[in-house]
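Peer 1: Going line by line, the protein sequences match chains A and B.
Residue 1 is where the first sequence starts when you use the working numbering, and the numbers rise one by one after that.
Residue 1001 is where the second sequence starts when you use the working numbering, and the numbers rise one by one after that.
Derived from the structure by calculation, the hints contain no laboratory data.
As the structure is a computational prediction, the values presented were derived from the model and not from experiment.
Check each hint, because a few of them may be wrong.
For lysine to any residue, the following SDA-like pairs were computed, each having C-alpha atoms within a straight-line distance of at most 20 Å [to be verified]:
{"id": "1", "chain 1": "B", "residue 1": "Lys1032", "chain 2": "A", "residue 2": "Arg33"}
{"id": "2", "chain 1": "B", "residue 1": "Lys1220", "chain 2": "A", "residue 2": "Val16"}
{"id": "3", "chain 1": "B", "residue 1": "Lys1220", "chain 2": "A", "residue 2": "Ser14"}
{"id": "4", "chain 1": "A", "residue 1": "Lys23", "chain 2": "B", "residue 2": "Glu1221"}
{"id": "5", "chain 1": "B", "residue 1": "Lys1210", "chain 2": "A", "residue 2": "Ser14"}
{"id": "6", "chain 1": "B", "residue 1": "Lys1119", "chain 2": "B", "residue 2": "Ile1082"}
{"id": "7", "chain 1": "A", "residue 1": "Lys23", "chain 2": "B", "residue 2": "Lys1239"}
{"id": "8", "chain 1": "A", "residue 1": "Lys19", "chain 2": "B", "residue 2": "Lys1220"}
{"id": "9", "chain 1": "A", "residue 1": "Lys84", "chain 2": "A", "residue 2": "Val50"}
{"id": "10", "chain 1": "A", "residue 1": "Lys23", "chain 2": "B", "residue 2": "Lys1097"}
{"id": "11", "chain 1": "B", "residue 1": "Lys1099", "chain 2": "B", "residue 2": "Asp1068"}
{"id": "12", "chain 1": "B", "residue 1": "Lys1099", "chain 2": "B", "residue 2": "Gly1244"}
{"id": "13", "chain 1": "B", "residue 1": "Lys1239", "chain 2": "B", "residue 2": "Lys1209"}
{"id": "14", "chain 1": "B", "residue 1": "Lys1097", "chain 2": "B", "residue 2": "Glu1074"}
{"id": "15", "chain 1": "B", "residue 1": "Lys1183", "chain 2": "B", "residue 2": "Glu1116"}
{"id": "16", "chain 1": "B", "residue 1": "Lys1209", "chain 2": "A", "residue 2": "Arg12"}
{"id": "17", "chain 1": "B", "residue 1": "Lys1183", "chain 2": "A", "residue 2": "Glu29"}
{"id": "18", "chain 1": "B", "residue 1": "Lys1183", "chain 2": "A", "residue 2": "Asp34"}
{"id": "19", "chain 1": "B", "residue 1": "Lys1220", "chain 2": "A", "residue 2": "Leu26"}
{"id": "20", "chain 1": "B", "residue 1": "Lys1210", "chain 2": "A", "residue 2": "Val16"}
{"id": "21", "chain 1": "A", "residue 1": "Lys19", "chain 2": "B", "residue 2": "Asp1218"}
{"id": "22", "chain 1": "A", "residue 1": "Lys84", "chain 2": "A", "residue 2": "Ala41"}
{"id": "23", "chain 1": "B", "residue 1": "Lys1032", "chain 2": "A", "residue 2": "Ala18"}
{"id": "24", "chain 1": "B", "residue 1": "Lys1090", "chain 2": "B", "residue 2": "Leu1050"}
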Amino acid sequence: MRLLDLLFPERRNSAVIAKDRLKIVLAHERASRDAPEFLPALQKDLLDVVSRYVEIRDDTLRINVGKSADTSLLEINVEIDRSKVKPVNNNGAAARPRPLPPVRLEPESQAPWVKPG
Amino acid sequence: MGGGGRRESLYGVCWGKGGGLLAKVIVLTSGKGGVGKTTSAAAIAAGLALRGKRTVVIDFDVGLRNLDLIMGCERRVVFDFINVINGDAKLNQALIKDKRNDNLYVFPTSQTRDKEALKRDGVERVLDELKENFDYIVCDSPAGIEHGAITALYFADSAIIVTNPEVSSVRDSDRIIGILASKSRRAEHNLEPVQVHLLLTRYSLERVKKGEMLSVEDVKEILSIPLLGVIPESETVLKASNTGTPVVFDQESPAGRAYLDSVARFVGEQREMRFLQPERRSIFRGLFGRA
Ligand SMILES: Nc1ncnc2c1ncn2[C@@H]1O[C@H](COP(=O)(O)OP(=O)(O)O)[C@@H](O)[C@H]1O
Ligand SMILES: [Mg+2]
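Just chain A, with the same shape it has in the complex (with noise of 0.2 Å):
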């Protein structure tokens, strides 16, 4: 390491950068690759279903896929306003149709329940 370093260790190298930059983008990249073509559809319905009973915002329902030794996972999860609750008996009115927001997925986020394999 260069003495430059040493005094200023904010100051990292271009090739440090590049390695922290590509390990980020592949973790999505590869995580995205491998994630189930049904994904998109699950999200919609998972929208239609959730939204019966509360009012959700469209960036508040998320699905990761996560992989550890043997088992993937598909976690989900909906944020949901107290104040938003629809009455019960609501059966199944549809809502107004609401846009599709994008899938995000996590691949570094693991459900806590999942013992790491």
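Starting from the known structure of chain A, fit chain B with the ligands onto it as the hints suggest.
Peer 2: Relative to the frame of chain A, chain B with the ligands by itself:
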């Protein structure tokens, strides 16, 4: 060659239809262009031939024929890959025997602009015929992830992923590794997966030392595939292409020696990685010798 004896092989033995051993198909691929696929295909094919293996190197880069120039046989091309696929020429009319080594043959591609000219079943028929007569079939892939590149990698038993220590090349290599794992013949037929190897080319130890270039460890860690070799950036590569000589024929070339080491590892020999340490010089050479 025909029947032949039991061939040493890293990945087991394949038997041909006639009871003979089948050639192993190797693709050199990268996604990104200009990283050294053609240079490497020529060097590795020549290196295998130097080891006594019957080797043919095929140009899959339809429309941009260049392997013939790198191999120095451009004036001997009469028929090409597409002619053979279409039945307009026999295989032995199109194959060009290398003047430097009896085990080495070049199979040039055509300069047609019809990129779809390489039909998969036609390619398969030609490869099957070649397999009966060679130990190794080395395929030089075009860049990209379109029809041509997919056709070149589809029938591969092994893939050499030619990568430069540079972000876009590493990313494209990762992409190609994914395609090999899902779209190759071996993947589609649930066979043993294509063996992938990393060949890191145009490596500059000085720039790695200065922190300006990804190191071999960095690239290995990111792609996590076995390392076949590291080829240093070298002026001798341009000299070799100027004269149409695969760089392994140049005894003085560091790149040539690195390719020969890689070939040795490919056939299962242990070789230390060279050019990853600065060359040791004695104090006297360091002081008085050429820099
Ligand atoms: N180890 C090396 N050192 C210096 N130049 C190289 C090296 N490897 C390849 N090159 C040069 O890089 C360019 C692209 O090489 P090429 O083999 O044609 O790449 P590709 O087939 O992937 O497009 C050529 O000009 C070649 O001479
Ligand atoms: Mg090329």
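Peer 1: Against each hint, give a clear statement of whether it holds in the structure.
Peer 2: A quick look at each hint next to the structure:
1. This hinted pair checks out: Lys1032(B) and Arg33(A) have alpha carbons roughly 18 Å apart, not beyond 20 Å.
2. For a cut-off of 20 Å, the pair hint linking Lys1220(B) to Val16(A) stands: about 14 Å separates their Cα positions.
3. The suggested pairing of Lys1220(B) with Ser14(A) holds, with an alpha-carbon distance near 18 Å, which does not exceed 20 Å.
4. The suggested pairing of Lys23(A) with Glu1221(B) holds, with an alpha-carbon distance near 9 Å, which does not exceed 20 Å.
5. Between Lys1210(B) and Ser14(A) the CA atoms are separated by roughly 9 Å; this keeps the pair inside 20 Å, and the hint holds.
6. For the hint linking Lys1119(B) to Ile1082(B), the alpha-carbon distance of about 9 Å falls within 20 Å, and the restraint holds.
7. Between Lys23(A) and Lys1239(B), the direct Cα distance comes to roughly 36 Å. Violation of the 20 Å bound is thereby established for this hinted pair.
8. Taking the CA atoms of Lys19(A) and Lys1220(B), the gap is about 11 Å. The hint holds against a cut of 20 Å.
9. For the hint linking Lys84(A) to Val50(A), the alpha-carbon distance of about 12 Å falls within 20 Å, and the restraint holds.
10. Taken as a hint, the Lys23(A) and Lys1097(B) pair is broken in the structure, with Cα atoms around 45 Å apart against an allowance of 20 Å.
11. The hinted pair formed by Lys1099(B) and Asp1068(B) meets the criterion: a straight-line CA distance of about 13 Å does not exceed 20 Å.
12. Distance hint between Lys1099(B) and Gly1244(B) is fulfilled; the C-alpha atoms sit about 12 Å from each other, no more than 20 Å.
13. Restraint check: the Cα-Cα separation between Lys1239(B) and Lys1209(B) comes to about 26 Å, which exceeds 20 Å; the hinted pair is violated.
14. Only pairs whose Cα atoms come within 20 Å are accepted, and Lys1097(B) paired with Glu1074(B) is accepted, the gap being roughly 12 Å.
15. A C-alpha spacing of about 17 Å is found between Lys1183(B) and Glu1116(B), which places the hinted pair at or below 20 Å, so the restraint holds.
16. Of the pairs offered as hints, the one joining Lys1209(B) and Arg12(A) holds, with about 14 Å between alpha carbons and a cut-off of 20 Å not exceeded.
17. Only pairs whose Cα atoms come within 20 Å are accepted, and Lys1183(B) paired with Glu29(A) is accepted, the gap being roughly 17 Å.
18. Annotation: proposed proximity of Lys1183(B) to Asp34(A) holds, straight-line Cα distance about 13 Å (limit 20 Å).
19. The hinted pair formed by Lys1220(B) and Leu26(A) meets the criterion: a straight-line CA distance of about 14 Å does not exceed 20 Å.
20. For the given pair, Lys1210(B) sits about 11 Å from Val16(A) by alpha-carbon distance, which is consistent with the 20 Å threshold.
21. The suggested pairing of Lys19(A) with Asp1218(B) holds, with an alpha-carbon distance near 7 Å, which does not exceed 20 Å.
22. Between Lys84(A) and Ala41(A) the alpha-carbon distance is near 25 Å, which puts this suggested pair outside the 20 Å criterion.
23. Taken as a hint, the Lys1032(B) and Ala18(A) pair is honoured in the structure, with Cα atoms around 17 Å apart against an allowance of 20 Å.
24. For a cut-off of 20 Å, the pair hint linking Lys1090(B) to Leu1050(B) is broken: about 26 Å separates their Cα positions.
In terms of the numbered hints stated before, the structure departs from hints 7, 10, 13, 22, 24, listed from lowest to highest.
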